[in-house]
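Engineer: Sequence:
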Amino acid sequence: YGWETKIIQENGDLVSQGEVGELAVKGPGVMVCYYRNQEATDAVLHDGWLYTGDMAMQDEDGFIFLVDRKKDVIISGGENIYPVQIENFLRTHSSIKDVAVIGLPDRRLGEISAAIIELKPDQTCTEDEIMEFCNELPRYKRPRKIIFASVPRNPTGKIEKPVLRERYGGANLVAAQNKG
1416 YGWETKIIQE NGDLVSQGEV GELAVKGPGV MVCYYRNQEA TDAVLHDGWL
1466 YTGDMAMQDE DGFIFLVDRK KDVIISGGEN IYPVQIENFL RTHSSIKDVA
1516 VIGLPDRRLG EISAAIIELK PDQTCTEDEI MEFCNELPRY KRPRKIIFAS
1566 VPRNPTGKIE KPVLRERYGG ANLVAAQNKG
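Numbering (the working numbering), first residue to last: 1416 to 1595.
Calculated directly from the structure, the hints in this document are not laboratory data.
Check before you lean on any hint, since a few could be wrong.
What follows is a set of in silico ranges between Cβ atoms, one per label pair, in the way DEER data are often shown [what the hints assert, rightly or not]:
| # | residue 1 | residue 2 | range |
| --- | --- | --- | --- |
| 1 | D1457 | R1522 | 46 to 54 Å |
| 2 | G1444 | R1554 | 27 to 35 Å |
| 3 | G1525 | F1563 | 20 to 28 Å |
| 4 | D1462 | T1541 | 50 to 58 Å |
Below 30 Å or equal to it, Euclidean Cα-Cα: the simulated DSSO-like pairs (lysine-lysine) are [claimed, not checked]:
| # | residue 1 | residue 2 |
| --- | --- | --- |
| 5 | K1535 | K1421 |
| 6 | K1485 | K1441 |
| 7 | K1421 | K1576 |
| 8 | K1486 | K1576 |
| 9 | K1486 | K1556 |
By construction, the Cβ of each residue, glycine as well, lies at the ideal position given by its N, Cα and C atoms.
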């Protein structure tokens, strides 16, 4: 049907099979531009390729799997952490109603992962219990910070991660901790 896809590294090279990179698409239905926003257009369109902002990988059968949004990737100590993977794991905990994982600034590592956890009604859970549960994850994927709070979603059900980054980033994290 005239569509092409590629998954690329930050430097523009193609990734190897099974590696994660940004998904780019090219075809007859790719947008021409953002209306009255050339800067935004230039950021996502290159030589007819639309850089989607989606991180993806391709398996040995050619199937493409979306991993996360590029803007949500946490880079901690040189490791790329994909929040959706941690969120999906944490949702298997019997006490957790909802969860969001975001990156918070860290002087040593650049960013650390923080899990905002909303418990099911009438459920209790401690930070230590969550940390122990996360021992099944590779060490670099384990959240460094646990925050028990509601997880805001927009009318379409999407987690409002910018709201959480604003609420818990930097100095706001200290204020939230002091509230209890």
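Engineer: Would you mind marking each hint as holding or not holding in the structure?
Structural biologist: Evaluated hints:
{"no.": "1", "hint": "D1457 - R1522: 46 to 54 Å", "verdict": "violated, 33 Å"}
{"no.": "2", "hint": "G1444 - R1554: 27 to 35 Å", "verdict": "violated, 42 Å"}
{"no.": "3", "hint": "G1525 - F1563: 20 to 28 Å", "verdict": "holds, 25 Å"}
{"no.": "4", "hint": "D1462 - T1541: 50 to 58 Å", "verdict": "holds, 52 Å"}
{"no.": "5", "hint": "K1535 - K1421", "verdict": "violated, 40 Å"}
{"no.": "6", "hint": "K1485 - K1441", "verdict": "holds, 19 Å"}
{"no.": "7", "hint": "K1421 - K1576", "verdict": "holds, 27 Å"}
{"no.": "8", "hint": "K1486 - K1576", "verdict": "holds, 10 Å"}
{"no.": "9", "hint": "K1486 - K1556", "verdict": "holds, 17 Å"}
Of the hints listed earlier, those the structure fails to meet are numbers 1, 2 and 5, in rising order.
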